[in-house]
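K.L.:
Chain by chain, the residues run as shown.
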Amino acid sequence: MTDIATTVSLRVNGSLEIFDIDPSEALVWTLRERLGLQSVRTTCGIGVCGSCTVIVDGKPVSGCLMLTVMADGCTVVTAEGLDATEAGAAVQKAFTDHHAFQCSFCIPAMTLAAHALLEEYPEADDDTTREYLSGNLCRCGTYPRILDAVGSLCRRANSSASGEERPA
Amino acid sequence: MNQPPDTQASDARARVTGRLPFVLNERVPGMLHAALVRSSVPHAEIRAVDTGAAAALPGVVAVLTAEDLAVNGDPLMFGDARQDQPVLAHDRVRYVGDPVAIVLAETRRLAIEACSLVDVDYVDLPHVVDPREATSDAASLVHEAQAGNVLATWTLRHGDADAAMAGADRHYDDTYLSPPASHVPMEPHVALAQWTGDGVVILTSTQAPHVVKETVARTLRLPEEQVRVRCRDVGGAYGAKVVTTIEPVVAAAARAVGRPVRLELSRSEEFHTVCKHAARIRIRTGVRDDGRIVARIVDVLWNAGAYATNSADAAGYGMVRAPGPYHVPNVSVTSTTAYTNTVPSGPFRGAMTSQLCWAYESQIDDIAADLGIDPVEIRRINLLREGDRYPTGEIMEDLHYDEILDAVTSGLAALPPAPPVRSGHVRGTGVALVIKSTQTPSRSECLIRLDAAGGVELLIASVEIGQGAHETLRTLAAEALGVPQSGVRVHLPDTAVAPYDSLTASSRTTFAMGSAVQDAAAQLREKLRGLAAAMSGTDPSRLRNAPGGFTDPGGSRCTYEEILRHSGLDSCEAHGRWVSTGGLGSLDSNGQGSASTHWHQGGVAVEVDVELETGKVRVLRAHGACFSGRTVSPIRVRQQTDGGMIFGLGPALFEELLYEDGQITNPNLSDYMIPSMLDMPPILGGSAIEGPRGGRRELHGVGESTVPPMAPAIGNAIRAACGIRIRELPMTPERVLRALYEEAGA
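Chains A and B are the protein sequences, given in the same order. Residue 44 in numbering that gives the first Met the number 0 sits at position 45 of the first sequence, with consecutive numbering throughout. Residue 683 in numbering that gives the first Met the number 0 sits at position 684 of the second sequence, with consecutive numbering throughout.
Simulated from the structure, these hints should not be mistaken for laboratory data. A portion of the hints provided could be inaccurate.
[To be verified] Listed below are the simulated DMTMM-like cross-link pairs for lysine to aspartate or glutamate, each with C-alpha atoms no more than 25 Å apart in a straight line:
1) A:K92 / A:D21
2) A:K92 / B:D10
3) B:K615 / A:D125
4) A:K92 / A:D71
5) B:K526 / B:E478
6) B:K615 / A:E122
7) B:K615 / A:E130
Isolated chain A (complex conformation) (with noise of 0.2 Å):
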C-alpha cells in the first residue's frame, strides 16, 4: 500500500460506504474484498470474461478493470443488491424459473449485463442479446437457458409496453 491513500465513496447496494485506499485498488477488490460482496468475482482480470461486471451508475463495467477512486461518487449495483428494483427482481427471477445457471460462477454477473440490456434495450432480439451478453463468458454453455431467460423478458417489455396486462 503506498501513502496516498485516498478517500471514496460510493452508494452500493443501497447504502453510503465511506474508506480511506490506496488509489491503485480495482472496484473488484473493494467490493468483494473489503464489503464482502462475494457475487463479484475475479476469472481473467484483464476485462475480458465478465465475471466481475457490476452496474455503476446504470452502465454494465468490468470491475476488475475499474480502480475505486473512479466510482468515487458514484451508485454500484452488484447481484446482491439487484432485486431492490423490480426490473431487476425480474431478471433474477427469470433466471431461475429458466433454469439459467450451471456452477454458477458467472451467473450473477451475467444477470447485471442481462438487466443492463434490458434497461437499454427493452425489446431485445436474442442477435442483439448474443452480442450485448457476449463480454460475459459461461463456460458450462448456459447460453441458450441464459438467452430463453432475457427472451422472456423482451416478451413481457413487449406486451406491456403495447398496453397490455404483464402476466402475474
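The hints should help you fit chain B onto chain A, whose structure is shown.
P.N.:
Okay, now just chain B, sitting in the frame of chain A:
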C-alpha cells in the same frame, strides 16, 4: 428451446444472486495468503534460490522452498498414481510454471509482489515439447529415471489386424493432431489449509475429495485420518480439478508456519497447472468395397507433460476408446504417453476420447466419400449394436447408436432453417458419433440418515459443479424413500463424515453414486419396515410402502417419525454402496477383458457456414443426442447436451495452448479464447435417448457425450461444404484458408 424447466434446483436463487458457497469465499482468522514462485524456464537445474529480499518485505511471513517442507530431509513428492511431482521443485524444474517456492504473507497482493523478489539461479538443460521428439533416441530426459521419456504404453490386439488389413479392398492411412487445451474453469484452483490438534483440514475446489485426502496423507506422510478434505460448490472444473494440484503445497506450508494458509491461483497460473492431453493419432483402416470396416490399426502418442498425474492410466483409457463405436473384428491399438517439458496433462471433459473421435469420425467420412456411400449410411453399415463384441472382447449391452444417429440427423433437419447463404460463403452438414468407457473399477458410497423429525440427510463426497448432481441424488433418495424432495438435505462433501467416492468425473455420478443412494435408501426403508413390523406385531412383508411410511393390511398408516419415536430412536441410518470391478487393470496384455461397466454414447449433427475469402467457420445449427438411461431430470440432461456442444466448439475451432521455446505464449483469456454467446450455434437442439426404468443399469451419465463429436462433425461439415479435410485442430481460419488454397492449386 423455451420448454419450461421440470425441476427447480433448491439453491437456484443462491446461484443467481451470488450467494452460493465457494471455497473462494472462505477466510479463517490468522490466515496467511500464499503465492507461488514458478519456473521461468522449461528445464533446468536449480543452483540456488535466494529468498532474502522477498522475506525481508514487511508483511511477508515466510518464503519456503523444498528444503523447508522436507520430511526427514526428503523433499515432498506427490501424484495421484505415481509420486513423481515435487511439491516444490528441489533439484530441477521441468516446465515453465513449475513451482519453486511459496511466499506466505499477510495479504495476497503482498505475497504476489514478493514472488518477483525471489531469485532463482538456473542452469538450463535441453528441453523437449513435442512427444515425438521426446521419444526419439537423442531426446533429453525429463525424469532421469525414465529412459526414453515413455511413461506408459498400452496395447490392444483383437483378431488379426495386419492380415485383415492386407485382405481389405481399400486402405486409408491418416494422421490427426489434437493440441493441448486449457479447461478454464471460471473459479480458479483455490485451497485453504488449517492444522488443528487432529491433523489438517483442507477446504479445496476439487472434483475428488477422497483422492485429495489420500494424496495429501501420502505426500505429507500422515495417517489418512489426519487429513480432512471439505468442499463447497465448485465453480467449474471440466476435469481440471480431478487430479491433485495445489493441496499438498498449501497443507505443507500451513504446517511449516503454524498458521492457516490460503492459495488462489491467478488466471495465468491456471493455464500452467493442468491441460488437455495433446495427441498425435495415426489411424489406418481397411474397408471392403461395400463399406464394411474389416481392420483398424491406431497408434496414439499422448503428451503427458512434465509429471505423470493420471496420464499412465489415461493412455489406457484412450486405448480402449480408440476403435470408435463400430463393430470392427480386427483391431490393433498402441497407446503411448510420454513426458515432455510442458504443463502436466490431466483429464479434460471428454478425456482421452475427443482426440480419438476427431480421428475416427473424420476418417470415416473420407472413406464414405471415396466409396460413394452417404456418411450416415456408412455409419449404419458399421455401427456397434446390442450383442456385438467390442475390440476388448466384451459383449456390448445397452447400445443405442441407431437411435442416436436418427435423433441427430432428423433433429438437425427439424430445426428452423439458418438464414439464407450469402455470396462468398458455402454451407455443409456433418455428423459424428462417440463412444466412451467410464472409469472402471470405481466405488461410490453414501450414508443416508433419517432423523426423529422425519428429515433425511444424505452424506456424500460427490461434488456439485453445477451439473446438478446433488439435486439428482436428492431426487433419487426422495423417490426411493417415498418422501418429498424438500425433505432431503444433501451435505457438501466432507471426507470426515461422507464415505468414499472415487471422483466426480467420467460422467459417473448419476450412475455410480445414484446407485449407491438407491441402495442406501432401500436398506433404510427395510430397516424401518422391520421396526414398524416389530412395533405393530405384523409380518414385515405385509407392510406396504406408503408416502413417508408404511400401510398395514388393515389400511392404517404409520409414518417414519412414528416408527422412530416408538422405537426410541433419534435417528436411523444406512450405508449404501456401489462398486464396479474389472476395468483397465484387469485387461490382459492384449487389452482383452471387461473394460467398462457401461458405455457413454453420444452424437451431434451440425450445419456450418464457411466464408471462402477468410476461412472463417461458423456453426449455424447443431443437434446433439446422448443415451441418458432413465432421465432423472430432462432440463439437466439438456444442459449437458447443449453445454457439451458449446464446450466442444472451443477446441474444435479456436482453443489451443501455443508454445514457443518451451513457454506458453497465450496464457490469458484475451489470447486464449473460449466460446462466447456469439460463438455458440444460434440454433440448437437436443435429444435424450432413454432406457428402461428399473434394474441395475437404469441410471446413466450424460456429462460428456456431445463434447467429442463436435470437432469431427464440424470437420465433416466443412468437407461437405467445400471439399477440404482439416486434420489438425483447431480448425482456425488460417488452416481452412490454407487447405482451400491447396485444394484450388491441386
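K.L.:
If a hint holds in the structure, say so; if it doesn't, say that too.
P.N.:
Hints versus structure:
1. A:K92 / A:D21: Roughly 37 Å separates the two Cα atoms, so the pair is violated.
2. A:K92 / B:D10: holds, 13 Å
3. B:K615 / A:D125: The given pair, whose Cα atoms are some 22 Å apart, holds under the 25 Å limit.
4. A:K92 / A:D71: At roughly 31 Å apart (the allowed maximum being 25 Å), D71 (chain A) and K92 (chain A) break the hint.
5. B:K526 / B:E478: OK: K526 (chain B) and E478 (chain B) at ~17 Å, within 25 Å.
6. B:K615 / A:E122: Between K615 (chain B) and E122 (chain A) the Cα gap is close to 30 Å, so the pair fails against 25 Å, i.e. violated.
7. B:K615 / A:E130: holds, 18 Å
Of the hints listed earlier, those the structure fails to meet are numbers 1, 4, 6, in rising order.
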